[in-house]
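Participant: Residue strings, one per chain:
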Amino acid sequence: MLRQPATSTQITHLDRLWLYVLCGLVIVFLIAPTLLVIPMSFSDSRYLSFPPESWSLRWYRAYFGSLEWRDATVVSLQAAFLTTIVATVTGTLAAYGLHLARSGAGRLVQVALTLPMMIPVILLAIGIFLFFAPLELNNSLSGLVLAHTVLALPLVLISVTAGFKSFDMNQEMVARSMGASRPRAFLTVTLPQIRNSVISGALLAFITSLDEVVIGLLIAGGDKATLTRRMFLALRDEIDPTIAAISSLLIVLSIVLLAVSQYFQSEPRD
Amino acid sequence: MTLALDQIAAGGTASGANEEALRRQAHGERRSMLALTLPALLLVGFVVLIPIAWLFWLSFVDKSGFTLIHYQRLLHPTYLLTLRTTFELAFTVTVVCLLLGYPLAYLASQLPRRWASLVLLCVLFPFWTSLLVRTYAWLVLLQRRGLVNTWLQKLGIIEEPLRLVHNFTGTAIGMTHIMLPFMVLPLYATMKTISEDYMRAAANLGASPIRAFWQIYVPLSFPGLAAGLIVVFVLSLGFYVTPALLGGGRVMMWAMQIERSTTVYADWGAASAMGVVLLVITLGILWLVAKLTGSAKLGEAR
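Line order of the protein sequences matches chains V and E.
According to this note's numbering, the first sequence is numbered sequentially starting from 1317.
According to this note's numbering, the second sequence is numbered sequentially starting from 6.
Hint data in this document are derived by calculation from the structure and do not stem from the laboratory.
Incorrect hints may have been included.
[Claimed, not checked] Incomplete in silico selection of chain V near chain E, CB under 7 Å:
#, residue
1, ILE1343
2, LEU1346
3, ILE1347
4, TYR1363
5, TYR1412
6, ALA1417
7, LEU1429
8, ILE1442
9, ILE1444
10, THR1465
11, VAL1466
12, ILE1559
Ideal placement from N, C-alpha and C gives every residue a C-beta, glycine not left out.
Could you build all of it, start to finish, from the sequences and the hints given here?
Facilitator: Here is the structure:
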């Protein structure tokens, strides 16, 4: 089998065995370190070893038993849910408007809305920190949601815009010619058909907010500290094994969200 | 309604005056559609544009009014060293990402569908996992008594544990891991569009596989290559989290300097000036590349 050609130019699999080996190693490099955290989080010792010498749920108990960690988790989840709602609604509306407008001004709006992706996050973070200070939006949930929404908005916009590209707008027009108002036509005809790209966008928005560190570090202090902020500060001082337990939970959540998004992407759109 | 109106107008079924009115109405309706982007625009304006403008303003003023002092202070050797470290790290990470990412994207683009999507899933997985979690994983693996050192010692490759973390090496390893998907995904997208016929034609004309690869394949992959390189380089320049943790305070990045000026010294002038410098460098690179690839495309068309 190795002697069979791998490409149309007759290079055999054997000739490029090195390529397969290299790529295998790169894939291990990409996923192994993250996945190793999960078994290590069940280790009993402070120096997380692999494989663990003795297994225990010690670090999970430490996480669930700590009021600080629990509070931070609640703040992070609240922020992520609110961000998802605001970013998905405004992002979908904007994608709809831009898709129908098709004008020069629309291009400019599109650039403005994707701007948050191009600006280094640290810059956004200090800009927001300095601007929110006099408005007393720092250390508040609304401030955090506003900041995270702006980060998530471009992702929703891109995802939903892609959805509109494979949707035939004439369908909405038919609905309206039969007497449906524009909002009703959009909600009953268009939205169900671009559903998958809206869901993909919403999932991206959720994970963006949940994983965000830098802005949270600057503007989410006091009792509004996010999970990632607490994790970052704990890691800067010493390697607290409790973080292995939290990380494992986050990894499992990521896998679930990735699976859900893949499911919605693989489903035929129409 | 726009499209139907357009069709009627184009078909000439309406009379001249009607046509004009219809067109105007269609135009007006399109413009009103743009109003739907207002909530999003207001958000971006309030959370991005005003704060960045505010930052610009702060970087040029002090108690006495307009000043360039904040920028002059950036010429101090400490800041210049930070800038150098930042560029060195960004450059190293970009090169390593290229060396690891190009072969992977190349192979993935040629694999049968099922295998290719498996590889892509492995590339997407880190994308969906928290940046902090991945950085933490490296911190645990690379520490003195960590997995990498223990295994290397067990295998007899090294006697003493290596210093793999809280230095340049550890930071570069962690950043490469974070940045690799940004290199692979655009490369893969471009390579998928390169037809095998080109390579076959090159082989027919007598080119060796290696020559055909370098002369035909690599140039055809330039769009994805350029996109990957820029994204990785630009993101690395402004990177904060991973260097802050894996560098252990010994590797000072520009972004860390900004954060320190803001939170530790409350020196807002310096922080703003550094922020503006980072923004100008970032947007400068993006602009330059857009210009270069834009003219390259024109050259192709000719």
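Participant: State for each hint whether it applies.
Facilitator: Hint check results:
Satisfaction of the interface hint for V/ILE1343 is found here, the shortest Cβ-Cβ separation to chain E being roughly 5 Å, below the 7 Å cut-off. At about 6 Å, the closest approach between the beta carbon of V/LEU1346 and any beta carbon in chain E falls short of 7 Å, and the interface hint on this residue holds. Interface hint status for V/ILE1347: upheld, as the beta-carbon distance to the closest one in chain E is roughly 5 Å, under 7 Å. Using the Cβ-Cβ criterion of 7 Å, the hint placing V/TYR1363 at the interface with chain E is satisfied: the shortest such distance is roughly 5 Å.
For V/TYR1412, the interface hint holds, the least distance from its beta-carbon to any beta-carbon of chain E being 6 Å, beneath 7 Å. A least Cβ separation of about 4 Å between V/ALA1417 and chain E falls short of the 7 Å threshold, and the interface hint therefore holds. Taking 7 Å as the C-beta contact cut-off toward chain E, the hint placing V/LEU1429 at the interface holds, the least distance being around 6 Å. Using the Cβ-Cβ criterion of 7 Å, the hint placing V/ILE1442 at the interface with chain E is satisfied: the shortest such distance is roughly 5 Å.
Because the closest C-beta pair between V/ILE1444 and chain E is about 5 Å apart, less than 7 Å, the hint holds. With a cut of 7 Å, the hint placing V/THR1465 at the interface with chain E holds, because the nearest CB-to-CB distance is about 6 Å. Hint on V/VAL1466 holds. Least Cβ distance to chain E is approximately 4 Å, under the 7 Å limit. Because the closest C-beta pair between V/ILE1559 and chain E is about 6 Å apart, less than 7 Å, the hint holds.
Violation of the numbered hints given earlier is absent; every hint is satisfied by the structure.
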